[in-house]
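Trainee: Listed here are the chains, written in short residue letters.
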Amino acid sequence: MRSVLVSSIAVLSWVTPALSQETMAGFLQEEYSCIMCHTDMRTGFLQGVHSGRGILCTDCHGGDPSQFEADAAHTEGFVGSMSKTEAVDLCLSCHGDLPQMRQFALEPVTEEEFLFSRHGRALLEDRNLLAPSCGDCHGSHAILPRTDPRSPVHPARIPETCSSCHSDPTRVPEGLPTDQLEQWQESAHGVALMAGHNERAANCASCHGSHSALPPGVLEIPNVCGKCHQLVRETYFRGPHGQAGPSSSGGIPCTACHANHETTMPPLSEIGSVCVSCHEEGSSAGVAGLELQEQVLRAQAAGSRARDALHILAEAGETIDDEEVRFLTVETHLRELLVQAHALEPEALDDLVRRISSLSTEIGERADVVEEHRWERQLLAIPAWVLLVFGILLALRKRRKLVAPVEDSSVGQGEGTES
Amino acid sequence: MKQWDFWDWCLAGLGVFIVAVGLFVFLLYALPQEPLVIPDVEASLRIAELDDFPVNSDRLERWGDRWILVIRMASGEVTAVEGRSPADGCELKWDDELYRVFSPCSYQIYNPYGFVVAGLDNRDLHRYPVLIRDGVISIGSGT
Amino acid sequence: MTESDQNKGRSRILKWLEEATDARILSIPRLFGLLYGPIEDRLPLGEAWRASMRRRLPASVGWKHAFGGATYFLCMILVLTGVMLSFYYRPSTVEAYPSLQYLESEITFGWLVRHVHFWAASLVVLTALVHLFRVVLTGTYRAPRETTWLMGIMLLITLLAFVTSGYLLPWDQWAYWTTTYGLDELAKYPVVGGLLSRLFSVDEFVSGATLSRFYATHVILLPWVLLLLLSLHFQLIRKHGVALEGDVSGEGEPFFPHHMLRQLVVALITLAVLITLAAFFPRPFGPPADPFTVPGELPALGFPVLILVGAARLPLGIGLYGLPLLLIALAALPLVARTGESAFTRRPVAMGLFALFLLLLMVSLIAGLGPGVPPSVGGN
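For the record, the sequence lines run as chains B, F and U.
Numbered according to my numbering, the first sequence terminates at residue 419, and the numbering increases by one at each position without gaps.
Numbered according to my numbering, the second sequence terminates at residue 143, and the numbering increases by one at each position without gaps.
Numbered according to my numbering, the third sequence terminates at residue 380, and the numbering increases by one at each position without gaps.
It is worth saying that the hints were derived from the structure and are not from the lab.
Predicted model only: the values in this text are computed from it and were never measured.
Where a beta carbon is used, it is the ideal one built from N, C-alpha and C, also for glycine.
Counterexamples of contact, computed for chain F against chain U with all Cβ distances above 12 Å:
| hint | residue |
| --- | --- |
| 1 | 50 |
| 2 | 56 |
| 3 | 59 |
| 4 | 86 |
| 5 | 87 |
| 6 | 99 |
| 7 | 124 |
| 8 | 126 |
| 9 | 130 |
| 10 | 138 |
| 11 | 140 |
| 12 | 142 |
FRET-style restraints, in silico, Cβ to Cβ:
| hint | chain 1 | residue 1 | chain 2 | residue 2 | range |
| --- | --- | --- | --- | --- | --- |
| 13 | U | 76 | B | 301 | 46 to 52 Å |
| 14 | F | 9 | U | 80 | 23 to 29 Å |
| 15 | B | 301 | F | 93 | 21 to 27 Å |
Chain B with its partners taken away, still in its complex shape (with noise of 0.2 Å):
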């Protein structure tokens, strides 16, 4: 009886506070009812950016919350699953309106703007239902802002929503490559984004648009590389790439020498055999490639000629706090030297260069100074020795001496000892 009484209890009170709580913005469910049976999007909405924004179930499925029974309810232009058109039309309804988007500091998003992009025109034109709509990249009832890690549309989450159709040959166009996740892994990019945690490298989207999603064209790569690499840019659009670009039919964008999503630096030993894959060998470009690479190469080892002195002088316990002072110099002027490289002009490397080599040379002159003091602090083993040679001998000479005192008069006997 008495288990009866206190299992019933329990019972009672898990399910008690468990109705009452059930509340959608403040409604309870006896004055909502989507939410007696929707128990699970539900939860889902309430975790979304929506739910705090006052708007209900109904501001996007429709029906009549203030029916129990569910036919009653799915009444009044109720609207179930939606297509993936009728989706887009009814997030356009509000994000696709200024005067409502403001308020948040969004930038409202157009229909226009979607159909730009290859998967607008593949499921509003050709009405292809393999496309994505809104939802599938940013989810339907937990719909989380970009800058929540919990986002699909968050930065470091993009690469894997995306690939989720990109890297299916089933789900893309035919022909389109589908190793772009791996290649954009390995690069740069990549790795700066998933193993350094930086949420500002380039991820999909930085380069092809969200809504407008398009590959950029051959002509506004270096623009769109270049919203990033604003000085890389710069230098540039100095050199001959950059200013063939918009003349010429084809231009030669970053990716000619740096490939697009593996985005690779061609090692420096190599500048000259990545120009000659294009120009011919012996052509003046060709020329001016190897002349950049030797530069390049040059100021690389000066640098490592100066870290090495560095090292020497840190051995052998020396303060080198101005030599450090240089030696950020150097590194920062290795690095320039990368960036202004791009100009493709090896004359005007050579300032950087210069500079460089000199003050890698003060580095290192001070390096000798200190092998220098080491040689005379070894020379201090002479006279040491040539000492205490000298005593060893008088010691022994003398304890011959006092062994044998019969021979001690002579003195020959005491230099005899010492030869």
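Use these hints to put chains F and U onto chain B, whose structure you have.
Mentor: Relative to chain B, chains F and U alone:
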């Protein structure tokens, strides 16, 4: 005691000489020399006299492991911020026309108070307190 | 110069000393092993001194007995250079490294003092081991010199403790991480290991608190232990003699000047070797200690540290347990072999034990020379 011959005197002299050299080394070693200053343990770093630090100029200082860019702006105001870019490790420069601190290696720009103005890296520069007293500029660690 | 002239020169100081005190004051130099024979305290000071100095050693004493003296000479060098180093060294995490940089680059002969101290620490363990080898070879560890022997073994352990505690003081990456490694290994001993390790590290990782403790151990605690053990060692030698038959007076050469000249030669050679090693192979500065960066390579510097680190690296705890067990076994040797033959071929147990000890040292040395493996630490 038997008489000492020349070589005995040499031995004794050598002994005395070695001890004397040892004492001499000790004396040279122990004599007060240029005192040791460890910048890390000092509470502040003396930069310069105001007269020696013209307006519209800057200088990079080393304080222990810290790199500090000290800027004297056109207004005469002195600020001190981290001198090595957290974005790329390069030496930061002061542009007295644009009134900006920038990295020559990548697109990274700060204002003279250390706040990021533009660039991919959103870490602000550490700012060091500046004290001007008796015409001498000193900076503190700011910790 | 005649004998009387010489005595005239000395007599004034002697007279003053004889007036001020009596021959019992000679027990002070004897405490430090500077006097060999017993002191006749009824004689005047000068005569007592001379009598004691001229004491004859046993006939068997020869060059092979000089290694004890060399060890003692190196200890004195270490004390002198150690005191000199403490003029400039500052035992704190911020100051230790720059103070040694200053010593090395600014102070006249600072480098000499520092590197002589470093090399003397290596050589002293070497000469102590050779001295030990001589004692085992001649069988002089047996009664009545078992206490002398025990003091000797304890002195060897003290020297190793000196090396271990001094190794952290430069506060560079190599010192820091080798010490971390050593403390981790120490913690592996059952029951007391963890406590001992914690007692010296104080903190979760090697920190300023550790440095203070290592410094105090190195410059205050251990010197007193050394002095105590050394003086006991010397008193016992004086009482029981160095040679087998326990003949204190002996029929061999007098202690002074004959044996002293021998010691002088050894000391001069030691000094020359020290200066040469200091000039040609200075202990390099590693990068300043950084608890958050494990160095790529971790060289062990100096002969004793090579052996200790190498022993800890041996698999199955061979070195970790083998080295202390062998030392204990060696210390217990006179209890097992109380009497018997003195020729070393007739003492298989003792020689076998010592051979095992040498073998372990060799293997440890080779293991220590291998590439250093920095200790693994948590976090990233």
